[in-house]
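There are 2 protein chains.
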Amino acid sequence: MPKWKPKQTYRAIILIQDGVGDRPVPELKNHTPLEIANKPNMDYIASEGITGLMDPIEPGVRPGTDTGHIALFGYEPYKYYPGRGPLEAAGIGVKLRPGDIAIRCNIATVEERNGELIVIDRRAGRIKGEYVRELVRTLNEEIKEIDGVKIEFYPATEHRVVLVLRGKDLSPRISDSDPGTAMEGNPIKEVKPLDNTDEAKKTARIVNEVIKRTYQVLKDHPINNERIKEGLLPGNIIITRGAGMVPKDLVPFTHKFGVKGFVVAEEATVIGAARILGLEGIIPEGSTARLDTDLDSILRTALEAWDKGYDILYIHIKGPDIAGHDNDPWGKVKIIERIDEMLGKLLEKIPLENTIYALAADHSTPCTVRDHSGDSVPIAIAGPGVRRDHVRKYDEYSCMLGGLHRIRGVDLIKIVLNLMNKPLKWGA
Amino acid sequence: MPKWKPKQTYRAIILIQDGVGDRPVPELKNHTPLEIANKPNMDYIASEGITGLMDPIEPGVRPGTDTGHIALFGYEPYKYYPGRGPLEAAGIGVKLRPGDIAIRCNIATVEERNGELIVIDRRAGRIKGEYVRELVRTLNEEIKEIDGVKIEFYPATEHRVVLVLRGKDLSPRISDSDPGTAMEGNPIKEVKPLDNTDEAKKTARIVNEVIKRTYQVLKDHPINNERIKEGLLPGNIIITRGAGMVPKDLVPFTHKFGVKGFVVAEEATVIGAARILGLEGIIPEGSTARLDTDLDSILRTALEAWDKGYDILYIHIKGPDIAGHDNDPWGKVKIIERIDEMLGKLLEKIPLENTIYALAADHSTPCTVRDHSGDSVPIAIAGPGVRRDHVRKYDEYSCMLGGLHRIRGVDLIKIVLNLMNKPLKWGA
Numbered sequence: 019m020p021k022w023k024p025k026q027t028y029r030a031i032i033l034i035q036d037g038v039g040d041r042p043v044p045e046l047k048n049h050t051p052l053e054i055a056n057k058p059n060m061d062y063i064a065s066e067g068i069t070g071l072m073d074p075i076e077p078g079v080r081p082g083t084d085t086g087h088i089a090l091f092g093y094e095p096y097k098y099y100p101g102r103g104p105l106e107a108a109g110i111g112v113k114l115r116p117g118d119i120a121i122r123c124n125i126a127t128v129e130e131r132n133g134e135l136i137v138i139d140r141r142a143g144r145i146k147g148e149y150v151r152e153l154v155r156t157l158n159e160e161i162k163e164i165d166g167v168k169i170e171f172y173p174a175t176e177h178r179v180v181l182v183l184r185g186k187d188l189s190p191r192i193s194d195s196d197p198g199t200a201m202e203g204n205p206i207k208e209v210k211p212l213d214n215t216d217e218a219k220k221t222a223r224i225v226n227e228v229i230k231r232t233y234q235v236l237k238d239h240p241i242n243n244e245r246i247k248e249g250l251l252p253g254n255i256i257i258t259r260g261a262g263m264v265p266k267d268l269v270p271f272t273h274k275f276g277v278k279g280f281v282v283a284e285e286a287t288v289i290g291a292a293r294i295l296g297l298e299g300i301i302p303e304g305s306t307a308r309l310d311t312d313l314d315s316i317l318r319t320a321l322e323a324w325d326k327g328y329d330i331l332y333i334h335i336k337g338p339d340i341a342g343h344d345n346d347p348w349g350k351v352k353i354i355e356r357i358d359e360m361l362g363k364l365l366e367k368i369p370l371e372n373t374i375y376a377l378a379a380d381h382s383t384p385c386t387v388r389d390h391s392g393d394s395v396p397i398a399i400a401g402p403g404v405r406r407d408h409v410r411k412y413d414e415y416s417c418m419l420g421g422l423h424r425i426r427g428v429d430l431i432k433i434v435l436n437l438m439n440k441p442l443k444w445g446a
Numbered sequence: 019m020p021k022w023k024p025k026q027t028y029r030a031i032i033l034i035q036d037g038v039g040d041r042p043v044p045e046l047k048n049h050t051p052l053e054i055a056n057k058p059n060m061d062y063i064a065s066e067g068i069t070g071l072m073d074p075i076e077p078g079v080r081p082g083t084d085t086g087h088i089a090l091f092g093y094e095p096y097k098y099y100p101g102r103g104p105l106e107a108a109g110i111g112v113k114l115r116p117g118d119i120a121i122r123c124n125i126a127t128v129e130e131r132n133g134e135l136i137v138i139d140r141r142a143g144r145i146k147g148e149y150v151r152e153l154v155r156t157l158n159e160e161i162k163e164i165d166g167v168k169i170e171f172y173p174a175t176e177h178r179v180v181l182v183l184r185g186k187d188l189s190p191r192i193s194d195s196d197p198g199t200a201m202e203g204n205p206i207k208e209v210k211p212l213d214n215t216d217e218a219k220k221t222a223r224i225v226n227e228v229i230k231r232t233y234q235v236l237k238d239h240p241i242n243n244e245r246i247k248e249g250l251l252p253g254n255i256i257i258t259r260g261a262g263m264v265p266k267d268l269v270p271f272t273h274k275f276g277v278k279g280f281v282v283a284e285e286a287t288v289i290g291a292a293r294i295l296g297l298e299g300i301i302p303e304g305s306t307a308r309l310d311t312d313l314d315s316i317l318r319t320a321l322e323a324w325d326k327g328y329d330i331l332y333i334h335i336k337g338p339d340i341a342g343h344d345n346d347p348w349g350k351v352k353i354i355e356r357i358d359e360m361l362g363k364l365l366e367k368i369p370l371e372n373t374i375y376a377l378a379a380d381h382s383t384p385c386t387v388r389d390h391s392g393d394s395v396p397i398a399i400a401g402p403g404v405r406r407d408h409v410r411k412y413d414e415y416s417c418m419l420g421g422l423h424r425i426r427g428v429d430l431i432k433i434v435l436n437l438m439n440k441p442l443k444w445g446a
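These protein sequence lines are chains R and S, in that order.
In terms of the numbering used here, the first sequence opens at residue 19 and continues consecutively.
In terms of the numbering used here, the second sequence opens at residue 19 and continues consecutively.
A portion of the hints provided could be inaccurate.
Because identical chains cannot be distinguished in the list, a pair is counted as satisfied if it fits within a single copy or across any two copies.
What the hints assert, rightly or not - No more than 27 Å apart at the CA atoms, straight line, and that leaves these computed lysine-lysine pairs for BS3-like:
no. : residue 1 : residue 2
1   : Lys210    : Lys278
2   : Lys47     : Lys440
3   : Lys443    : Lys432
4   : Lys210    : Lys274
5   : Lys443    : Lys210
6   : Lys443    : Lys97
7   : Lys274    : Lys186
8   : Lys113    : Lys219
Note that these hints are calculated values from the structure, not bench results.
For clarity, every value in this text was computed on a predicted model and none was experimentally measured.
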C-alpha cells in the first residue's frame, strides 16, 4: 500500500496504450490480448489501485485517435474536436490560436481547358518536399492577406501543405476543392459554404480566391518550368480539404486544469491535438509507431520530460492499435508485454509511493474488427490515497468489477487531479 | 425485508453526513472512519437496501457544502449555483426571487483623503449587531430605488449586511468593492462589470451609486457621531463582495418534483441553498455544527418536521466534515457512531417498513487532505420495494460493489422519488 503525507500534492503519469482494448479473439481461445499477456507491472497498478471501464467518447461510440486523445486530455470531444486541418497544422508545429482556420492542402497539377482548371494529378506526381518548400515560400511572399484575413502556407510531409486563415468572422463549414483521387481528370471543385451563415460564405469566398491566386503565382514558377522540361508534372496549384477551426472558447490546458502537462507520443495527430489544447509534446527519436518501436528511447524521453517538473506526463504507445488493425493477436500480446517491461523500468525510477499512475487507452481496436470500435477500455489508477478495490489484474474482464465502475474519457483527468490533491473545484 | 403494498406511496428521509467520505487513514491502519466506526443502523440500511457510489458534482470534482447540497436537493449545480451573496441572504431569511441580485457587504470605516475614500477598517472595528441594525434601518429609509431598481439592505451577523437589488436587466457579473483585509489603508475599489453585457455595466453602475449613497447617509449618522466621541470607529459605508443572482429559470422544489421537502440542517449555507430552491428549513436549537452538537435536539426537530407531513425530510449533520478538516480520524469515527445512535432512534420512531431512507453526503473530507476532495461518497437507499443488493455495510469500500454502481448527486432525489412511487415522468 503506497504511503502519503497530509496535504501533499503529487504528480501523475498517464500511460496510453493506443487501441489496447479488445474483444474475445478466437486464436486466443476467446481471451483478449490483455488477458493473455504476461504483464506483472500493469497488474501491480491494478492490484494497488482502483479500476474500471472507460468509454473514451460515450458508450458504444467509436473514437478516432484524435477524439480519443482530446477526451483523455480532458476536453469534451464533441465540443473541442477541431477537425483534421488544425490537427495536421499543429502536428507539424504551426502555432494556432482560437478562431484560426486550418485546411489540409495538396500541391497538385491542373491544366486549363476551356477556361476550367482540370485536376490532372492530386499530388503533382508526388512532388518532393524540397520543391514544395520552395513553392510555399513563393506563395507566402505573394499571398499575404485577402479582405483583412491573414493567409499563411506551411509545408507538411511531401506534397502536403497546410493553409491557415486568421481573421474575424471565419467558419470551418466549407466544402473541399480537392475532387479526390477517383475524380482526377475533372475540374477542381468550387469551395462552397456548408451552412447559411455569413462566416461560411465569407470563408468559402476567400478560399476560392486563395486557390485561384496560387495558380496565378505557381503556373509560371521557375521550378515548374524546370519540371515541365524534365517531363515531370508541375505543382501549379493548391487544392483544399478538411477545413477546421480551433474552437473560439478553448481554454488552454494549463489554465483550465491549473497544472502543466507534457505528452510523449508516437504520432503527429496526438502531438497536434495536445498542442492545440495547450500541452507540450514530442515524438521520441526511435519511435516507429509500429510493433518494432524503440521503447527504451520512449522511456528515456519520458524520464527527461519528468525531470523538467511537469505535473502530468502522458505517454502514448501506438503498437497495440497497429496489431489490432492487422488482426495480429499474438503481436498485440507481445507489444503489451514489451510495454509492461518499460512500465516496470518506469516504476523503478518513479515509484508508486509518491506518484499517481493511470493506465488508459484512447479506444479499443479489436483484432476481429481490424479497426477502432466503440467498446469501452479498461482503466486502472494507483498511487497515494487511492481507495484500492478488489481487482488484481488489468484487462477488459477484471476491470469490469472495479471500484471506478464506468467513467467517460473526459472524467479521467478530473479523477487524476483529485488524487494529485489538485482537484477542480465548484462551490465554496 | 420490509413489506410493501401495491400502488402505495411513501415518504422519505435523506440523512446527509457532511464530508463523511474519506480515504485510507494511516492512524486507522489504512481504513476509513466509516469502515472503523461501529454503526449497526447505517449497516442495517445498507443490508436492507441498495448501495453505490455517488459523485456529488461529477467524477473528481471537489464540491463545496453549497454546491454539494444543491445537487442533493436535485438541482444541476453548474446551472443553479447562485453564488455566495444569495446563499448568505437566504440563510438569514431574506426571501429571494429568480432574477434577484444579492451581495455580501460589510459595514466598514472609510476616511476621505484628497477626494478618495480610504478603507480604514473593513469591519468598522467589528461593530456590534445592535448598531448595524440601526444603521441598516436608516439605509432602507434613505435608499429605496435607483434607476427603477429596488434597493434593500438586511442586517446579517455582526458587521455583515446583505444588499439586494431587484429589477430588470441585472447581472451578478460585477467585481467587489471590498479591497480585502490585506489592502486596508487603500481606497475602496470601484465596482466594475466582469463582462461586456449591458446588464453587468448597469449593475456595476448602480452598486457604485449605492455605495456612494451609503457614505452620504451614514457619515453623519447620530450613531456614528456617538461612536467617534467614544473613540470607536464609525460604520460609515458598506463595502461589497460576492455578488450572485438567483437563476432566472429556477423552478421551485415543490413544483419541480411534485413533493414538499423540509431541511433540518446545522449550517446557514445549507438552509440558504434550500430556501433559494424552494425548500423550507431550520437550524435546530442546540446545534453547534461541531463534534459536540446536540444530536437529541436535532432528532427532536426532525421528528417534529416529519409530523407536519413533509414528503422528503433532509437531515444534515456537520460533524464528520469538521473532523476531516481537523485530520481527527478518531473524532470522525466517534461522531459517525453518535449519528448512528441517532439514526437508530429515528428508525424506532419511523420504521423502514413504510419509509424510504437514504444515507448520503455532500462530499468527502478525507482526514489526510484536511479539505473537501473530489472523491465519490458512499450511498445506501432502503425501504419498501427497493431491489436489495449484496452489500451489507455502509462505507466507501463496501458500497463500491453496490447495485446502484456510480451515480451523480442530482440523480439521488430522482431515485428516491421513484421508490416513493412518485417518480418524475417523461413520456406517456
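Hint check results:
1. Lys210 <-> Lys278: Close neither inside one copy (40 Å) nor across copies (31 Å); limit 27 Å.
2. Lys47 <-> Lys440: between (44 Å within a copy, 25 Å between copies)
3. Lys443 <-> Lys432: Classified as both; 10 Å inside a copy, 25 Å across copies.
4. Lys210 <-> Lys274: Classified as between: cross-chain Cα gap 24 Å, same-chain 35 Å, threshold 27 Å.
5. Lys443 <-> Lys210: Answer is between: at 25 Å across copies they meet the 27 Å cutoff, but 44 Å inside does not.
6. Lys443 <-> Lys97: Answer is both; intra-copy 21 Å and inter-copy 15 Å each pass.
7. Lys274 <-> Lys186: Only inside one copy: Lys274 and Lys186 sit 25 Å apart there, 33 Å across copies, limit 27 Å.
8. Lys113 <-> Lys219: within (25 Å within a copy, 35 Å between copies)
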